[in-house]
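Fit chains B and C to the supplied structure of chain A, relying on the hints for placement.
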Amino acid sequence: MPSATLLGQALISGVLAGGMYGLLALGLSLSWGLLRLVNLSYFALAFLAAYLTYELGTTYHVEPWWSAVLIVPSMVAIGVVQYWVFDKFKVNELASLLITFSFAVILEVVIQLYWTADYRRFETHYSTLSIKAGPFYIPVLELVLCLVAGALAWGTWLWLRKTYVGKALRASAEDADIAAAYGVDHKKLAYLLSGISAGYAGVAGTFIALIATLAPAQIWAWLGVVFAVVIIGRLGNPLGALFAGMAIGASESLAMAVMSPAWAPVVSFSVLIVILLWDPDWL
Amino acid sequence: MIDRMSAWPRRRVLAGMVGATAALGAPAILRAAPSGKPVRVGGTLSLTGFLAQTAVIHKIAAEIMVEEINGRNGFLGRPVEYVLLDDQSKPEVARSLYEKLITVDKVDLIQGPYATAPILAAMGVAQRYGKVIIQSSMGIPKMQTYDMAFPATPFGPEPQKTYPNVILDAMASLPTPPKTIVILTSKFPSAQFMAQGMREESGKRGVNVVLYLEYESGNRDFGAIAARVKEANADFLWVGSLGLESNQLLEALRKLDYTPKNSFHLYPAPGPLALSPDGKNALCSTFLEPAEPFMSRPGVARQAAAYKERATKANLPYAIIDAQAAGMISEWQILEAGVNGAKSLEDKAIAAFLKKNTVDTIYGTLRFDGLYNHGNAEQLIKQVQGGEWKVVWPTKYAAPGVKLIGS
Amino acid sequence: MTNANGLPKLAAVLGIAVFAILPTAGLPAFYESFFYLVFFWVSLSTSWALLSGFAGYFSLGHAAFFGVGMYTTATLTTKFEVPFLATIPAAAALAALLGIGIGAVVFRVRRLRGELFALLTLAVTFVIATIILNTPIDGGAGVFMISVPMPAIMSSQTGTIYVLGFAMCVLTLAIAWWVAHSRLGMGLFAIHDDEDVAEAKGVPTFRYKIVAFALSAGIAGAVGGIHAMYVGFLTVGGTFELTVPLYVVLMSVLGGSRHWFGPAVGATVITALLYAFISGGEAMIGRALVGAILIIAILWLPDGVVPAVQKWLRRQRVAGAGASATAMPAELVPVELAPTKPVGQRNILEARTVTKRFGGLQALDGVDLDVREGEILGLVGPNGSGKTTLINVISGHFPLTSGTIAVDGVQIGHLPAHEIAGRGVARTYQIPRPFANMTVLDNVTLAATFGGPARPAAEMRDEAVHWIGFTGLAGKEAALPAELNLHERKFLELARALAARPKLLLLDEVLSGLNPAEIDNAIRLVRAIRAQGATIVFVEHLMRAVVELSDRVAVLNEGKLFALGAPRDVMRDPRVISIYLGKAYAA
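Chains as they are written, first to last, in the working numbering: chain A, 1 to 283; chain B, 1 to 407; chain C, 1 to 587.
The following block holds chain A by itself, in its conformation from the complex:
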């Protein structure tokens, strides 16, 4: 039976890893839930942001947060342009899947052309920093990531729930025609949301550059788990995405602490299946 320390450490590590899932899921959840657009290109945009962070960091020695000041708004702009295309062509949900997937493939090629398929690592002196809390270690970068993800998720949730803009967006998502009759300018809000979602991908990219090693094929590494996180957290619910990410990360990690790590996906996804079927009220 594994020790309490081991289980505790695994739990911490899993929750923090889940923060990354939640951050990647944020934009996709909002876009899918409120705009009915399944935007797979956020994975590629995140990696583009990561590569740019890496490039600015290694060639021009710019700190990642300064790079983010440049990169995230660029991502927002890309999100706005994407929505312009979707709107002009009246793209439906399934078509958006195909379009954004193809766009992600194009981005992957662009990345590979410029940075090659070889691995790149953005080395920083703080990448293995940890805070020691009793017998446990809390890696600093992942913690910061989770705090940022939490702030963004919570802020978005508040914005959607409490402000006029947020409520208008949710109304439009439910029924755009009726909402328009009440004076909701769906278009402007949609552009805003599309930009923000892409912006979140940019933020995720900054952290990916700091935490992970980059290779173009890695764009697809998170696809399955983030899909699961988005859906279990309920579409359009930013806090749901974050908690679902952490829950999945924690369950994976705890499973790996107790049994052969190769069995872990069975545990986390079986739990997922059971929860989906049972659907307790507290979820």
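The hints are simulated quantities; they were obtained by calculation from the structure and are not laboratory data.
Wrong hints could be hidden among the right ones.
Derived DSSO-like pairs (lysine-lysine); straight-line CA-CA distance at most 30 Å [as the list claims (entries may be wrong)]:
1. B:Lys313 with B:Lys179
2. B:Lys230 with A:Lys132
3. B:Lys403 with B:Lys230
4. B:Lys280 with B:Lys261
5. B:Lys356 with B:Lys161
6. B:Lys161 with B:Lys142
7. A:Lys132 with B:Lys261
8. B:Lys280 with A:Lys132
9. B:Lys179 with B:Lys106
10. C:Lys79 with B:Lys161
11. B:Lys313 with B:Lys142
12. C:Lys560 with C:Lys503
13. B:Lys280 with B:Lys313
14. C:Lys311 with A:Lys88
15. B:Lys280 with B:Lys403
16. B:Lys261 with B:Lys161
17. B:Lys348 with B:Lys142
18. A:Lys167 with A:Lys187
19. C:Lys9 with C:Lys311
20. C:Lys79 with B:Lys142
21. A:Lys90 with C:Lys9
Output of the computed footprint for chain B on chain C, the stretches with three or more beta carbons under 8 Å from beta carbons of chain B [as the list claims (entries may be wrong)]:
22. 19 to 31
23. 145 to 156
24. 227 to 236
25. 283 to 290
Residues from chain B that keep clear of chain A, each with C-beta distances beyond 10 Å, as calculated [unchecked claim]:
26. Ala52
27. Gly206
28. Arg297
29. Asn340
30. Ala352
31. Gly406
32. Ser407
Just so you know, these numbers come straight off a predicted model, no measurement behind them.
Yeah, the Cβ is synthetic: ideal placement off N, Cα and C, and Gly gets one too.
Chains B and C alone, transformed into the frame defined by chain A:
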């Protein structure tokens, strides 16, 4: 390890020296440039997809070799043309493309792809059409069941038995030899295969396997695994890793403020591990590094320099020649020797020649008359020292002054 | 019309013939491999569309069935030395069983539609992949098929695989064509648009979904079994990666997922594109170009290639015939005043202590109600009194909490909605819920088909045309519901309900939103319907209609039957007036 040098017949040594002289740049007027209809050699590499980062290394090495071969005599006096297609890291695409190369493009010869799955797919095609196929990256020799398939990398026929003993020998040579070992492995066929061998051989030699863990390849989060490794705290950590997994594991361990006493990594991406601050003194498997005694082998110095130049120009962050590139170089050296030695482009003749003769390659002298057409096992151990990979074991392959650092 | 029908059939026969004899033409093996891969993707994406395209149950788990098929063949041939061909049916059967198993659990749960179904299928894939990875089925070492003997159907291995792939492809397309043109397909398309309404119209939704899922999974399993031989070396990673589930979606979307031939077109285009840029020099640029081409294609043809082609062809035909394609609002067809039939003696509907609770909310609290044959019963009451809930419970949209309901003597309280529909109960919806992607004719034909015992398709069609004419929608058979105005859509609801020849017709606020002329027309229509022999219960707020039409009026309040009697008596009852707080006369 039997020293094969003394068993070389003089004729072969002479042949080798002549070849070496030619390669080292005998004046052009002494040999005619290859002319006539090109000999077309077809092959695929995973230029896109998840295997792309290593395939690009193979591509560069192949280009260097084709140029070199054409700078000599080509194949039987004719220039060589490499018809390269992209198998997108998918075995079914590899299979169909080899069929295209053979049945539509009607290439004269073929060269193997990269990685076990595409190689097996290509091997099936080669077998159906009676083509010789040379490959350099299949880590499970017993799968090479086709009689006319030849390994360019000296894994030896049973690396899962021989190589763990190389590692255990190295460990036994340390002042305090490890008594306990943690074995981690990805469930990728070639890694898992070696991990099982490591477990068995460790048991036979009295090294206690205190923890044996398997993770799925593509695992994202090494936190829990690192916690278990730290808790086991064995004398030696053996990781059947591929790509970035070693980096991820070592980083996860460092975040727990734990540095493994001795760590060995099977098939990681060499650049990231050597350059990582967590990679200090990490051990790894190799067949060649750009240092003595390898650099003295005929042509290697020039190939290493050419590789560095081209890899840098191709914007690869890690431009140092190593076993992957060498494998591809060896593939072409064997094909050249086979064609020129058999004096024929007929696959059967080439295969017959290779079975009966040895070939001098970047890996030394290779023979193909053993089980699964494999010769001796020449898998070595390298270590990160000062941010660079240095061969440390067996000691006769270590550069002067370089020795294994243990703890 | 015969010429237009003949051409595609001829093309199909020619196509099959050409591809069938291709292997004997001595083509280089590569083309056999390439066409095999085309057949492979056609079969896989078409099988995906059977459930996910036709019925709209978006599955991300196609790799699970494909993988089960691959590993079934791999295990049986390598570990048990079963001949390769014999393993294919086993692969199909096992995969189909898995599909049926998942469906049996999942399809009963109403909220597990849409994305949740997608996620569930994805999760099942991961679970199966991990189990295979960690057990001796694969165990991580991969399964090597090189020593498995190939049946010598053709002289070469590639030729044999081509034939197997081709046979599978033809079989799959045949199944897809048959499903699309059968009752099953009609039901699946209806489920896609509105599952609850489909169920209420008599479509046995659970059974149909299971059948579609079993077919989809079984085909994928068989395809996987054949593919195991093609690939030669199976790894868990290579088999269960997201490529298969994602590509089948892309191919179906590109070609048109609701059409039986759509995925085939998409699969062919994408496979051809993937092979267009294989040269080593252009690998990366080629990949980007493929992405760009796909983007442009789907932006330009958002519903897919096949529907776009169909639309174009239809426009050519219409332009050629010179007919006006613009839809004009339907003329109000004045309905003949039908002679009133005397109300019968037996009870068509007998409700006893009907109770319905939603969690803590008591919507119906012991309602006792009898409706006599041929009667028109008005059902009124303030908002929230339970009128629509009563309709929903009778029609089976919600299950009863307690009590009994009998229609023409048969207990229906515990039956699923589609069986209730089969027992002669039909309903309309207050806000019309036509099947959005089906024409008016198809909407009504479906109701006729599923509303009663099976009859020949031509008969159903005629029945549908009759009712379309009866409700004044003649000439609009080919229109899509979106092209109709509210009045027309309400009458479409009626036509659908009538096409099932119901004994009991439940109308839910059929008059709301109509102008006075339309209301008068509707009232005449309701009388005409009763004259055909139907018994009608109608919920209405418009008091003048209630008083005009009803033989009796039932008043519901807070889930209980508050009053029952002749219209004028009930409407003048001071208690009734008081529960409306003065809203009695709204007309």
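Structure versus earlier hints - violations, ascending order: 1, 9, 11, 21, 26
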